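Peer 1: Okay, here's what each chain looks like letter by letter:
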Amino acid sequence: MDVSKCMRTKLVLAKPDCDYKSLLCKIADPTPRQAYIVDENYKLLGIVSAMDLLKEIIPSYMNADLARSLTDEADFLQKQVEKVKDKCARDIMVTKFAYLRPYHQLLEADALIAERGFNTLPVLDEQGKLLGEITRRNILLQLVDSCAAFNLNDRELVDLSLL
Amino acid sequence: MFWTATIIFLVAYALIISEKIHKTKVALFGAALVLMTKVLLQHEAFNNIDLGVDWNVIFLLISMMIIINIMTKTGVFQYVAIKCAKLAKGEPFRIMLLFAIITAVGSAFLDNVTTVLLLVPVTLFIADQLEINPIPYLITEALASNIGGTATLIGDPPNIMIASKAGLNFMDFIVHLTPAIIIIFLFWMLAWKVIFGKRLHVRDELKKRIMTLQEREQIKDPMLLKKSLIVLILTILGFMLHGFFHYEPATVALMGATTLLLISGEDPHSILAEVEWPTIFFFIGLFIIIGGIVKVGLVEDMSRAMIAVTNPQPENMTMLAMVMLWFSAVCSAVVDNIPFVATMNPLLIDMVHKVYGLAPGMATVEHIQHQAMMPVWWSLALGACLGGNGSPIGASANVIVVGLSEKAGHKITFVQFLKYGLPVMLLTVFLSMIYIYVRYYLLKWY
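Note that the protein sequences, when read in sequence, are chains E and U. So the mapping is simple: this note's numbering equals the position in the first sequence, first residue as 1, plus 249. So the mapping is simple: this note's numbering equals the position in the second sequence, first residue as 1, plus 157.
Source of the hints: derived by calculation from the structure; they are not laboratory data. The structure displayed is predicted, hence computed values, not measured ones. Incorrect hints may have been included.
Claimed, not checked - Taking lysine-lysine pairs in the DSBU-like style, the calculated list, with each CA pair at most 30 Å apart, reads: (1) K304/E x K332/E; (2) K334/E x K364/U; (3) K304/E x K568/U; (4) K355/U x K332/E; (5) K275/E x K254/E; (6) K270/E x K564/U; (7) K259/E x K336/E; (8) K364/U x K304/E.
Unchecked claim - Covered, in the sense of this in silico footprint (three residues per stretch, anywhere, with C-beta under 8 Å from a C-beta of chain E), are these stretches of chain U: (9) 180 to 193; (10) 228 to 239; (11) 366 to 372; (12) 561 to 575.
The C-beta atom is built at its ideal place from N, Cα and C for all residues, glycine as well.
Please model the entire structure based on the sequences and the hints provided.
Peer 2: Here it is in C-alpha cells:
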C-alpha cells in the first residue's frame with residue numbers, strides 16, 4: 250500500500266520565527282509528537298520534536314543525580330524556560346531528517362522507522378512540500394485494519410486512579 | 158636506518174602536533190613502520206625495556222583507570238563538590254578556592270581528565286544556581302588539575318614515565334614534588350584572591366539556593382563507595398611502601414585494581430570497556446617509535462647537543478636543570494607532554510652515560526639517581542606537567558574543559574584561556590625554578 254493512502258494530513262505547522270513558548274503550546278496536545286517548520290509554500294525546513302524542546306530546557310551538564318539534589322525543581326525549570334524564551338523555531342529545529350515520498354510502500358516506511366528508531370516520518374513531494382506524516386501508530390492501525398483476526402473493540406482503557 | 162627512524166619520528170611528531178589524524182593512529186602506524194623497516198626488531202619492541210614498550214607504565218595506567226572507573230560510579234566526587242559549595246556558604250570566591258583544592262587533590266591521585274569530567278557538570282550546576290559566569294571556575298579547575306597532577310607519581314602520565322625510567326618511587330615524588338606543588342598552589346591562590354576576590358559577588362537569596370541542595374543524593378552506592386575508598390587507601394599505602402618492599406608501582410596498582418574488580422560486583426566487560434584504550438595504545442606506539450630513534454643514535458646526537466648547550470658536570474648540573482625546566486614547560490604548552498617526556502627520558506639517560514663517562518647501557522640506578530642528576534628529573538616533571546597550563550591544547554584536561562563549557566553554551570576562546578593559563582604557567586614554572594634552585598643548589602637539601 251502507498252504511504253499516501255494512510256498518512257495523516259492534519260499536522261502542527263509553524264513558521265521559522267515561531268517562538269519557544271508558542272512551539273511548546275503547539276505540541277502540548279497529546280496527539281502530535283512534532284511541529285513541522287515550513288515556509289510560505291509549505292516547503293519543509295525543519296522539524297521540532299518534544300525532545301528538541303526538552304533538550305533546550307535541560308542544560309547539558311544536568312544528570313539524574315544532580316537533578317535529585319535540587320529541592321526547588323519548579324523554580325529551576327521556570328528559570329530555564331525564561332532563558333530559552335527568546336529562541337525561535339529556526340534555532341531549535343532539526344534540519345537533517347529522513348522523509349518518505351507519497352508513492353513509497355508502507356513496508357518501506359515501516360523498515361525505515363524501525364532502522365532509524367523514529368516515531369514519525371514526514372511525507373514530501375519532489376519539491377520538498379510537506380504532504381503529511383506517517384507514524385508508527387498509522388502503520389499499526391493499517392495492520393489491524395488489514396487483518397480480520399484482530400478485534401478492534403478489544404481496546405478498553407483502564408483508569409488506574411480508580412483502582 | 159638512521160634516516161628511516163628519524164623521518165618516522167619527525168613525521169609522527171608533526172602529525173601528532175597538527176591533530177589532523179588521531180594521535181593513537183599516528184603512534185601505532187609509526188610503530189608498525191619502525192618494526193616493518195626493522196629499525197627495531199619485534200622482540201626488542203616488546204621485551205627490551207630500554208628500547209621498547211615500558212610495561213610498567215602501561216599496567217600502571219590500566220590499573221589506575223580500572224580503579225577510577227569503579228570509583229566514579231559511586232558519586233563521591235559530586236558529593237564532595239556540593240558539600241564544599243555548602244561549606245563555602247555560597248560565597249563565590251570560597252567556592253572557586255575549594256573547587257580548585259578538590260580538583261588538585263583529586264588529580265594528584267586520579268587521572269586529570271576524569272577529575273575534571275566529574276567536577277565540570279557540578280561546577281556548571283552551581284554557577285547556574287548562583288547566576289554567575291562559570292568560565293573562570295572551569296578554567297581554574299583545568300589549571301588546578303594540571304598543577305595537582307604534578308604532585309605525585311600517579312598524578313600525571315609524564316610522572317609515571319619519569320618514575321619508571323629513573324627508578325623513582327612514590328615517596329620520592331611526595332618528598333620532592335609535593336612540597337613544590339603546595340607552595341605553587343598557595344601562591345597561585347593568593348594571586349587568584351587578588352584578581353577574583355572582589356570581582357565575584359552574588360545576592361544573598363542565590364547563596365541560599367546552594368544551602369538547600371541535597372548532597373547526599375549524589376551517593377549512588379554507599380557499599381561500593383566504602384569498598385572503593387578502602388581499596389584506594391590501601392593502594393596509596395602500597396604506593397608509599399612499594400620502594401621498601403621492592404615492588405614496582407604497576408604491581409601495587411594491579412593488585413588494587415583487581416581486588417576492587419573482584420569485590421565490587423561490577424561487570425568486568427563494562428569496566429574494562431571504559432579503560433581509555435586509545436591512550437594506552439598511544440603509549441605503546443610511542444614507546445616503539447622512540448625506541449627506534451634511541452637505537453639508531455638520534456637521541457645520542459640530541460644528548461650531545463644538550464650537553465654542549467648546558468655543560469653539565471658530574472657534581473653540578475644547575476644549568477641543565479634550569480634549561481630542562483623551561484624547555485619542558487614551553488614545549489608542553491604546545492605539544493602533548495607525553496611524547497615530549499618519552500623523548501626526553503632516553504635523552505637524559507644518554508646524558509648520564511656521557512657525563513659520568515660510562516659505556517652504553519652501563520648506567521646503574523646510582524648514576525641515574527645521582528645527587529646532581531635528581532634536580533634534572535624533577536625539573537623535567539615540573540616543566541612537562543605545569544607547562545600544560547600554557548594553552549588550551551597543552552593538556553587533555555584543558556581540552557575537555559573547553560569542550561564541555563562550549564557544549565553548555567559558554568564558549569572559551571583560545572585567547573580567553575591564554576589570558577588565564579599563560580600567566581599561571583609562567584608563575585608556576587618561575588616558582589618551580591626558585592624551588593629547584595633554593596632547595597638543591599642553595600640549601601643542598603637533596
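Peer 1: It remains to establish, for every hint, whether it holds in the given structure.
Peer 2: Cross-check of the supplied hints:
1. K304/E x K332/E: 13 Å, holds
2. K334/E x K364/U: 25 Å, holds
3. K304/E x K568/U: Holds, because 18 Å separates the two Cα atoms, which is no more than 30 Å.
4. K355/U x K332/E: 27 Å, holds
5. K275/E x K254/E: 26 Å, holds
6. K270/E x K564/U: Holds, because 23 Å separates the two Cα atoms, which is no more than 30 Å.
7. K259/E x K336/E: Within the cut-off at roughly 26 Å; holds.
8. K364/U x K304/E: It holds: about 27 Å lies between the C-alpha atoms, which stays within 30 Å.
9. 180 to 193: violated (count 0)
10. 228 to 239: With 3 residues close enough to chain E, the hint holds.
11. 366 to 372: holds (count 5)
12. 561 to 575: holds (count 4)
Of the numbered hints listed earlier, the single one contradicted by the structure is hint 9.
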